[in-house]
Amino acid sequence: MHQFWFFIGNFPVRAYGTLFALAFVLGVGVTLYFAKAEKREDYMETMLDLAPILLLAGLLGARIWQVFFFDWSFYSKYPGEIIAIWHGGLSIQGGVVGALIGGGIFVWRKKLPFWELADLAAPGLMLAQSIGRDANLMNGDAFGGPTGGNFGILYPVGTIARDTFGNQPLWPAEVWEGQVDVIIFALLVILKLRKWPSGTIFLLYLVLYNTSRFFLEGLRGDSPRFLFHWTAAQWSSSVAVIISLVLLAWRIWKDRQPKDADVVPQDPME
302 MHQFWFFIGN
312 FPVRAYGTLF
322 ALAFVLGVGV
332 TLYFAKAEKR
342 EDYMETMLDL
352 APILLLAGLL
362 GARIWQVFFF
372 DWSFYSKYPG
382 EIIAIWHGGL
392 SIQGGVVGAL
402 IGGGIFVWRK
412 KLPFWELADL
422 AAPGLMLAQS
432 IGRDANLMNG
442 DAFGGPTGGN
452 FGILYPVGTI
462 ARDTFGNQPL
472 WPAEVWEGQV
482 DVIIFALLVI
492 LKLRKWPSGT
502 IFLLYLVLYN
512 TSRFFLEGLR
522 GDSPRFLFHW
532 TAAQWSSSVA
542 VIISLVLLAW
552 RIWKDRQPKD
562 ADVVPQDPME
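Following our numbering, the numbering of the sequence shown begins with 302 at its first residue and continues without gaps.
Where hints are given, some of them may not hold.
Here are the simulated SDA-like cross-link-like pairs (lysine to any residue), alpha carbons at most 20 Å apart as the crow flies [to be verified]:
| # | residue 1 | residue 2 |
| --- | --- | --- |
| 1 | K493 | D556 |
| 2 | K411 | L401 |
| 3 | K555 | S539 |
| 4 | K496 | V508 |
| 5 | K337 | T460 |
| 6 | K493 | V508 |
| 7 | K378 | I491 |
| 8 | K411 | E346 |
| 9 | K493 | D343 |
| 10 | K411 | L492 |
| 11 | K337 | M348 |
| 12 | K560 | W416 |
| 13 | K412 | T465 |
| 14 | K337 | F415 |
| 15 | K496 | E417 |
| 16 | K493 | E342 |
| 17 | K412 | L492 |
| 18 | K412 | E346 |
| 19 | K411 | R341 |
| 20 | K337 | I491 |
| 21 | K378 | S499 |
| 22 | K412 | M345 |
| 23 | K493 | L505 |
| 24 | K493 | W416 |
| 25 | K340 | P414 |
| 26 | K496 | E342 |
| 27 | K493 | K378 |
| 28 | K411 | L505 |
| 29 | K496 | I553 |
| 30 | K378 | I365 |
| 31 | K340 | L492 |
| 32 | K411 | P473 |
Beta-carbon label-pair distances, calculated as ranges [to be verified]:
| # | residue 1 | residue 2 | range |
| --- | --- | --- | --- |
| 33 | P559 | W373 | 35 to 41 Å |
| 34 | E342 | G519 | 53 to 59 Å |
| 35 | V547 | R495 | 21 to 27 Å |
| 36 | K560 | D464 | 56 to 62 Å |
| 37 | A385 | P559 | 52 to 58 Å |
| 38 | N468 | W373 | 27 to 33 Å |
| 39 | I544 | K411 | 21 to 27 Å |
| 40 | W373 | T319 | 41 to 47 Å |
What the hints contain is simulated information worked out from the structure, not anything from laboratory work.
Given the structure is predicted, the values throughout are model-derived calculations rather than measurements.
In this text, a Cβ means the ideal position worked out from N, Cα and C, and glycines have one as well.
Whenever a hint applies, use it, and build me the whole structure from the sequences.
Listed below in structure tokens is the structure:
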């Protein structure tokens with residue numbers, strides 16, 4: 302693993318930043334592909350307009366979430382690191398929340414169908430998250446705790462993982478999460494082969510990702526623990542799964558309700 306690909310003079314070209322950019326580009330590309338494949342070309346321009354909003358809102362949400370919710374004990378001691386996103390420290394969960402808020406405002410103002418656009422974006426978002434975990438691996442952050450044996454990842458000198466645990470093998474938490482993300486991406490693609498109530502694909506993405514994140518988070522070694530010895534991400538995942546399941550049940554229930562056009566008016570003379 303390498304934190305830097307190469308240097309241009311004194312300027313480092315970081316693996317974290319380049320992989321993050323690749324994740325964004327491929328995520329948008331997958332979304333545009335599905336828009337065309339589903340013959341929703343009218344959404345392609347919408348998604349291109351949305352992409353920079355989602356990126357900026359997602360970055361802001363990811364940093365705020367990481368600094369103030371996940372790791373305030375560190376950033377309160379080193380406030381100069383708050384803006385240093387090139388050092389890592391972007392919460393996926395915060396990024397999704399930020400993107401939802403930014404995208405939701407855009408969709409509301411333009412009077413666009415939120416759930417249809419969310420379904421369209423879900424697989425690309427899942428793929429981007431998987432690549433994002435590769436960025437964490439290269440950067441040596443989002444690492445696991447010590448395995449207690451002679452197996453695991455040995456991070457190089459200069460990474461946060463090495464500074465935290467020294468020469469100890471660590472659980473490959475970010476690697477396994479990236480692999481699970483690929484599996485979830487494939488499942489979402491398969492689910493798109495049939496028609497579902499709008500919002501189903503996106504809400505299933507939230508349920509599947511946050512459920513897997515909850516269990517894999519137990520291996521993490523970079524997160525403070527709170528009530529029940531859970532990390533902040535585990536608490537976030539629990540809340541996200543509950544809310545998503547409630548919304549999923551509501552979307553399915555609403556889809557099964559008779560539409561106005563399906564209701565045959567009664568003859569008042571009968």
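How the hints compare with the structure:
For the proposed pair K493 and D556, the alpha carbon gap of about 17 Å is at most 20 Å, so the pair holds. Pair hint K411 plus L401 holds up; C-alpha atoms about 15 Å apart against a cutoff of 20 Å. Taking the CA atoms of K555 and S539, the gap is near 24 Å; set against the 20 Å cutoff, the hint is violated. With a C-alpha separation of about 19 Å, the suggested pairing of K496 with V508 holds against the 20 Å cut-off.
Pair hint K337 plus T460 does not hold up; C-alpha atoms about 42 Å apart against a cutoff of 20 Å. Our distance criterion of 20 Å between C-alpha atoms is met by K493 and V508, whose separation comes to about 16 Å. For the hint pairing K378 with I491, the CA-to-CA distance comes to about 46 Å; that exceeds 20 Å, so the pair is violated. Between K411 and E346 the CA atoms are separated by roughly 13 Å; this keeps the pair inside 20 Å, and the hint holds.
Under the criterion of a C-alpha separation no larger than 20 Å, the hint pairing K493 with D343 is consistent with the structure, at around 19 Å. Between K411 and L492 the alpha-carbon distance is near 28 Å, which puts this suggested pair outside the 20 Å criterion. As the CA atoms of K337 and M348 are separated by approximately 12 Å, the hinted pair is consistent with the 20 Å bound. Between K560 and W416 the alpha-carbon distance is near 18 Å, which keeps this suggested pair within the 20 Å criterion.
Pair hint K412 plus T465 does not hold up; C-alpha atoms about 48 Å apart against a cutoff of 20 Å. The suggested pairing of K337 with F415 holds, with an alpha-carbon distance near 18 Å, which does not exceed 20 Å. A distance of roughly 12 Å separates the Cα atoms of K496 and E417; the hinted pair therefore holds under the 20 Å criterion. Our distance criterion of 20 Å between C-alpha atoms is met by K493 and E342, whose separation comes to about 17 Å.
A C-alpha spacing of about 27 Å is found between K412 and L492, which places the hinted pair above 20 Å, so the restraint is violated. A hinted pair counts as satisfied when its Cα atoms are at most 20 Å apart, and K412 with E346 qualifies at roughly 15 Å. For the hint linking K411 to R341, the alpha-carbon distance of about 17 Å falls within 20 Å, and the restraint holds. The straight-line distance between the Cα atoms of K337 and I491 is roughly 17 Å, inside the 20 Å bound, and the hint therefore holds.
Restraint check for K378 and S499: not satisfied, since their Cα atoms lie roughly 45 Å apart, outside the 20 Å limit. Between K412 and M345 the CA atoms are separated by roughly 16 Å; this keeps the pair inside 20 Å, and the hint holds. At roughly 12 Å between alpha-carbon atoms, K493 and L505 fall within 20 Å of each other, so this suggested pair holds. At most 20 Å may separate the alpha-carbon atoms for a hinted pair to count; K493 and W416 meet this at roughly 14 Å.
The suggested pairing of K340 with P414 holds, with an alpha-carbon distance near 16 Å, which does not exceed 20 Å. Annotation: proposed proximity of K496 to E342 holds, straight-line Cα distance about 18 Å (limit 20 Å). Annotation: proposed proximity of K493 to K378 is violated, straight-line Cα distance about 47 Å (limit 20 Å). A threshold of 20 Å between alpha carbons decides the hint, and for K411 with L505 the separation of about 25 Å lies outside it, so the pair is violated.
As the CA atoms of K496 and I553 are separated by approximately 12 Å, the hinted pair is consistent with the 20 Å bound. For the suggested pair K378 and I365, the alpha carbons sit about 16 Å apart, so the restraint of at most 20 Å is met. Only pairs whose Cα atoms come within 20 Å are accepted, and K340 paired with L492 is accepted, the gap being roughly 17 Å. Between K411 and P473 the CA atoms are separated by roughly 43 Å; this puts the pair beyond 20 Å, and the hint is violated.
Evaluation of the 35 to 41 Å hint for P559 and W373 yields a failure: the beta carbon distance comes to about 50 Å. Between E342 and G519 the CB atoms are about 44 Å apart, so this pair departs from the stated range of 53 to 59 Å. Taking the beta carbon of each, V547 and R495 are about 23 Å apart, inside 21 to 27 Å as hinted. Between K560 and D464 the beta carbons are some 60 Å apart, a value that agrees with the proposed interval 56 to 62 Å.
Take A385 and P559: their Cβ atoms lie about 56 Å apart, and the range 52 to 58 Å holds. Look at N468 against W373: about 29 Å separates their beta carbons, and that is inside 27 to 33 Å. Range check, I544 to K411: about 25 Å between beta-carbon atoms, so the 21 to 27 Å window is met. Remark: the range hint 41 to 47 Å for W373 to T319 is contradicted by a beta-carbon distance near 28 Å.
The structure fails to meet hints 3, 5, 7, 10, 13, 17, 21, 27, 28, 32, 33, 34 and 40 from the earlier list, while all remaining hints are met.
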